[in-house]
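Novice: As you go down the protein sequences, you meet chains A and B in turn.
Just so it is clear: in the first sequence, position 169 is 191 by this note's numbering, and no numbers are missing.
Just so it is clear: in the second sequence, position 193 is 215 by this note's numbering, and no numbers are missing.
Hint data in this document are derived by calculation from the structure and do not stem from the laboratory.
C-beta: ideal position from N, C-alpha, C; glycine also.
It is possible that part of the hints are untrue.
[Unchecked claim] Simulated restraints, written as ranges between beta carbons of each label pair:
1. P320/B to R44/A: 25 to 35 Å
2. R125/B to P320/A: 37 to 47 Å
3. S136/B to G140/A: 39 to 49 Å
4. G199/B to K379/A: 49 to 59 Å
5. T31/A to Q328/B: 37 to 47 Å
6. G199/B to N329/A: 18 to 28 Å
7. N294/B to E242/A: 47 to 57 Å
8. S106/B to P320/A: 17 to 27 Å
9. G45/A to P240/B: 55 to 65 Å
10. Q328/B to L142/A: 38 to 48 Å
Protein chains: 2
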Amino acid sequence: MLDFKIISTDHNARLGQITTPRGIINTPAFMPVGTNGSVKAMSPHEMKDLGAEVLLSNTYHLYLRPGHDIIRDVGGLHSFMQWSGPILTDSGGFQVFSLSPLRKIKDDGVEFRSHIDGSLHFLTPELVMEIQGALGSDIAMVFDECTPYPADREYALQSLQLTTRWAKRCLEAKNEGQALFGIVQGGMYADLRKQSADELIGLDFDGYALGGLSVGEPKELMYEMVNYSSSLLPPDKPHYLMGIGDLFDVLESVGAGIDMFDCVMPTRNARNGTLFTSLGRISIKREEFKNDAGPLDPNCSCYTCQNYSKAFLRHMYMSREILSMRLNSLHNLHFYLEFFRRMREAVSKGTFMQFRKEMTPILQNNFHEG
Amino acid sequence: MLDFKIISTDHNARLGQITTPRGIINTPAFMPVGTNGSVKAMSPHEMKDLGAEVLLSNTYHLYLRPGHDIIRDVGGLHSFMQWSGPILTDSGGFQVFSLSPLRKIKDDGVEFRSHIDGSLHFLTPELVMEIQGALGSDIAMVFDECTPYPADREYALQSLQLTTRWAKRCLEAKNEGQALFGIVQGGMYADLRKQSADELIGLDFDGYALGGLSVGEPKELMYEMVNYSSSLLPPDKPHYLMGIGDLFDVLESVGAGIDMFDCVMPTRNARNGTLFTSLGRISIKREEFKNDAGPLDPNCSCYTCQNYSKAFLRHMYMSREILSMRLNSLHNLHFYLEFFRRMREAVSKGTFMQFRKEMTPILQNNFHEG
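Just chain A, with the same shape it has in the complex (with noise of 0.2 Å):
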């Protein structure tokens, strides 16, 4: 059901391809997140366009609203959000731990209260691979405790031995025709990452995450853990670096064999007029962009840059127009798209090393204050 294959290597970095019933990612790939089942502000096709090969959604706000059983009985997610590529579905384990007001976790899963009516659920491995059959994604994942930063070295233990646990107990539930993803937890704990890894590839999955990171620990403790973890994974399968979307991020971890992201970065800054560009970030409510024909990025392809005026963009945001969210999503996604594809191509050529070198002043004026 996943085929994936290494087509060159450069440092640690890797050109992948996964091999999907619905379509193939071209690794590096990134994943826009489609929450609710829609990328924020843009339609399926608008996507497709864009280039996207796989989106992200979310098991969490699927299964609270409308429902599994709603998008199984109407012909699965796929059908129900018009988008015929692969989606990976997460497993809700990281929205219990960032939105659920109060969660309860035991051994047999997590009680928490919905973020939107307070409603009182009770999820566990089984449920959530239920969940993540009936929504029918491609690429599933497991459900997992996300362990908080700090934590002490007992907590983050248990918490790796919980998650080892229920990605067994996901591993039985498995569904036909679904590829299923481990996670790698153990908080900052070099030797509790090792021992996290070894439990879950000793139970063969179909690819590896790394979660519990960019959760409030400082950057270069990220990257040491990237590191460290990203090697410690199987060669022969994607390695997945959950809800990291920093572009400078992305680049560090691609260095250390990272094949696949997702992250609400691009949508999420586009909506509050932050736009990414070949020139830096710009924050399209500035007064000097008023009167300013020229298009936010001159260096951009996309429909975005190539139709309107930054004085345009200007005004649309400061009227709260819904154009303007349209507009600046499209941009960011794009500029998002070109960067991994880009990447893509440096790795393929062996020029890795270089583009990161190239693209960090752009990236650190487009990141630094963010």
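Start from chain A and add chain B according to the hints.
Specialist: Same frame as chain A, now just chain B:
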């Protein structure tokens, strides 16, 4: 700068064509409203694909934000909003009347406070023409006082006379290459409507609008005024009924010889989840649609109906996704533009009366509660 010809008539209904340097407007025409320079939730390219031939934009809004100087500086409204077809701009008379918390009508103009920031402004006929010149619209409207309802005869008389004086001043300040329409006022007094029409016709405008209708008066009174006032207008000029878009009222008014309409109904209703269909009006939030895999309107060829289920549209609406507003707006605008296309077809075939009869039950289902 504007050529109008009648192609055929059916009773009092007229099939016509307005030719502008930027394209042909087939009448009866619906003008979608792009208040701030964007038809809400839509891109201009989508509006073109839907078959819109002319857009309306608001002088009042664009004067306050971003300011007409800015739009002139960056190349005019067509370039700013990326709509290459004809644009009609209203004069701000109605917005000053309906949006400004405090307004003082003087002989020279109207003092009012911005609904955005409370700042004080003074609009005169000359300034309104300067603004519309800066925007570069294809059809401008004279600055008028929208007579409120109810208004006593003396007020309505004073008001229409003020509108005539302002219309003269607008004509003197007419922009080269821009058509200018007069606006008939007179409240609900037939003889005052006649006086207003006569005075304006004496000034010779490129087209004539009926203003001050649908401002709270009973429907029957409105129909009476539309029928009578329309009969007073020069048959060889376009007749525009301002701000009216309930399709019942549209049918009645086309039957009375009206050629042009504008209204926010399709887009505003769309954002509130109310959708017009060939089977009647649908509130997409209704529980019964939660697992309805069928399209919104089985007889509709729009992108929304060709791709998405009612279950998905309901989910998008309940999740407050931007895609909900996009898909709903697209559908309602398609419904409106298709309705106008079919009306023109009926007039062309001499079957307008039959069309009106056939559409009545559908429109009753679509509009009777609203």
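Novice: Each hint should be assessed against the structure and marked as holding or not.
Specialist: Verification of the supplied hints:
1. For the pair P320/B and R44/A, the supplied restraint of 25 to 35 Å holds, since their beta-carbon distance comes to about 28 Å.
2. For the pair R125/B and P320/A, the beta carbons lie near 44 Å from each other, so the given range of 37 to 47 Å is met.
3. Hint check: S136/B to G140/A, Cβ distance near 40 Å, so the stated range 39 to 49 Å holds.
4. The supplied range of 49 to 59 Å is met by G199/B and K379/A, whose beta-carbon atoms lie about 54 Å from each other.
5. As the Cβ distance of T31/A to Q328/B is approximately 44 Å, the hint placing it in 37 to 47 Å holds.
6. Take G199/B and N329/A: their Cβ atoms lie about 24 Å apart, and the range 18 to 28 Å holds.
7. For N294/B and E242/A, the Cβ-Cβ distance of about 50 Å falls inside the hinted range of 47 to 57 Å, so the restraint holds.
8. About 23 Å separates the C-beta atoms of S106/B and P320/A, a value consistent with the hinted range of 17 to 27 Å.
9. Roughly 59 Å separates the CB atoms of G45/A and P240/B, a value that falls within the hinted 55 to 65 Å.
10. The hint said 38 to 48 Å for the Cβ distance between Q328/B and L142/A, and at roughly 40 Å that hint holds.
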